[in-house]
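K.L.:
The sequence shown runs 1127 to 1610 under our numbering.
Honestly, the hints are just simulated from the structure, not real lab data.
Relax, there's no trap hidden among the hints.
With a Cα cut of at most 30 Å, we get these calculated BS3-like pairs of lysine-lysine: (1) K1452 with K1467; (2) K1409 with K1422; (3) K1576 with K1532; (4) K1532 with K1476; (5) K1168 with K1259; (6) K1191 with K1174; (7) K1467 with K1601; (8) K1168 with K1270; (9) K1248 with K1259; (10) K1467 with K1532; (11) K1270 with K1191; (12) K1422 with K1406; (13) K1518 with K1474; (14) K1364 with K1576; (15) K1174 with K1270.
Listed next, with one range per pair, are the computed distances between beta-carbon atoms: (16) T1366 with H1457: 29 to 37 Å; (17) K1168 with Q1356: 46 to 54 Å; (18) E1362 with H1457: 31 to 39 Å; (19) E1321 with H1233: 36 to 44 Å; (20) S1399 with K1476: 21 to 29 Å; (21) G1247 with I1328: 44 to 52 Å; (22) T1366 with D1490: 26 to 34 Å; (23) K1476 with E1581: 27 to 35 Å; (24) K1474 with N1414: 35 to 43 Å.
For glycine and all other residues, C-beta sits at the position ideal for the given N, C-alpha and C.
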Amino acid sequence: MFSQRLSVQWESFIIRIILPTLLCVALFVSAIFILFIPAIEKNSMDHKREMIRELTHSAWNILAKFEHDEREGRLTREEAQRQAVEQIRNMHYGQQMAEYFWINDMHPRLVIHPYRNDLIGKDLRDYADPVGKLVFVEFVDVVKRHGSGYVDYMWPSRENEALILPKVSYVKGFAPWGWIIGTGIYVDSIRAEVEIITREVIVVCMIILLIMGLLFFIIIRHSFVAHQQQLIAEKELKETLSSLSMQEKMASLGRLSATVAHEINNPLSGILSYARLSTKVLKAKEINEETLDAVKENLSFIASEARRCGDIAKNLLVFARRKSGKIREEHLSEIIEVSTKVMAHTAKLKGMEMHTMLDGGDDDVECDAGALQQIIVALVANAVESSSAGGKILIATDYHARDHVKIMVKDSGEGIRPEVMPHIFDPFFSTRDSDKSLGLGLSVVYGIVKNHYGEIVVDSRPREGAMFTITLPRKHPSTRPLTL
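With these hints in hand, go ahead and build the complete structure from the sequences.
P.N.:
As structure tokens, then:
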């Protein structure tokens, strides 16, 4: 049973400590790659899109300024457009100041482009990127529909015109001159920036993960050591409890044997006396009918007393042969009946009445039958020793609950004093003479009950006796399948 219980405890340790740790690490890593890094990429893209929108508005304001000078008569349209083109041509931003603005008209023809002089002034209605999108026609369509907006397309790389890369641009129409001004960024540059940020985040996260791993390792190591110490302590406690239980059982058997020997002595004395009397009668020279009747009556008495001795010895033998240690399904009422038969003689010798009130319901319970029998004997012995002649002892059960059973042992003694109550389950504590008890009875009872994952409570008032109530689960945890 201990090895099975040890396995259950190790599985419990894995479920309570190891699995939550691994789950925490897995969730942390998953959050980084599934939530955090994609969020960084999305935020970077949104930031870049907002940036090119604001930059386009700024460039558009330059056109608006020169158009205002034209309307005020300070510049002709040709001068205003020439100065605006020069200023826009020299506007750059981004890394190495490589990003730029361009202008095309609504035809569309390219007005200004810092890197594509080959396209300036040309009709671009048929200009398409490698996937077939008419780029400049798309610019015109967006401006016509919305006045401004974003356009995704493919465009040659600045460093290598043969390399076509995805690009996103923001365009805005300038109605007074029929122009469209725009700027854009390569998506790969955004991804490159995201990769740099991602690598930095991963490094930071790995450091955090390493620290978490070290902390978890320390926690698990300490938990493992503590768990091992707990298992060793439980094993030692079980061995100690078993030893103490056996000592108390032997002491109980000793006291019980003395009581039984005293009770057996009375019928044996009667048997011996009647046997001698019958022998004397049969030795008479004349044996008549009256003599034979007397001998028959003597033999009947001898047989009755012999059966009485046999019953006492049989009950004691049943109690002594009950082995402890195996947890299996038992009938609780049968265990109680055997235990009360053993103690009935003890109670009778002290002039006490012992009654049982056993529930007629389902008495099945998974338990160590020998240990429970020891509980009943110990509690009844305690009740006998705590009560005076003429007292009563009641052993009752309650089987109504589906998941547990109850055993009640009540006596009519003087009760337990309040100052004694907190110590009644302490080992070697006893209010009686040391030659009558090892002081282990109730502490062993408590240990057996706890070993069955049960509870024991005492209700006692001065001069009203005491009642011990034991609650035991019907299913012993060592026999239950482990559930997550």
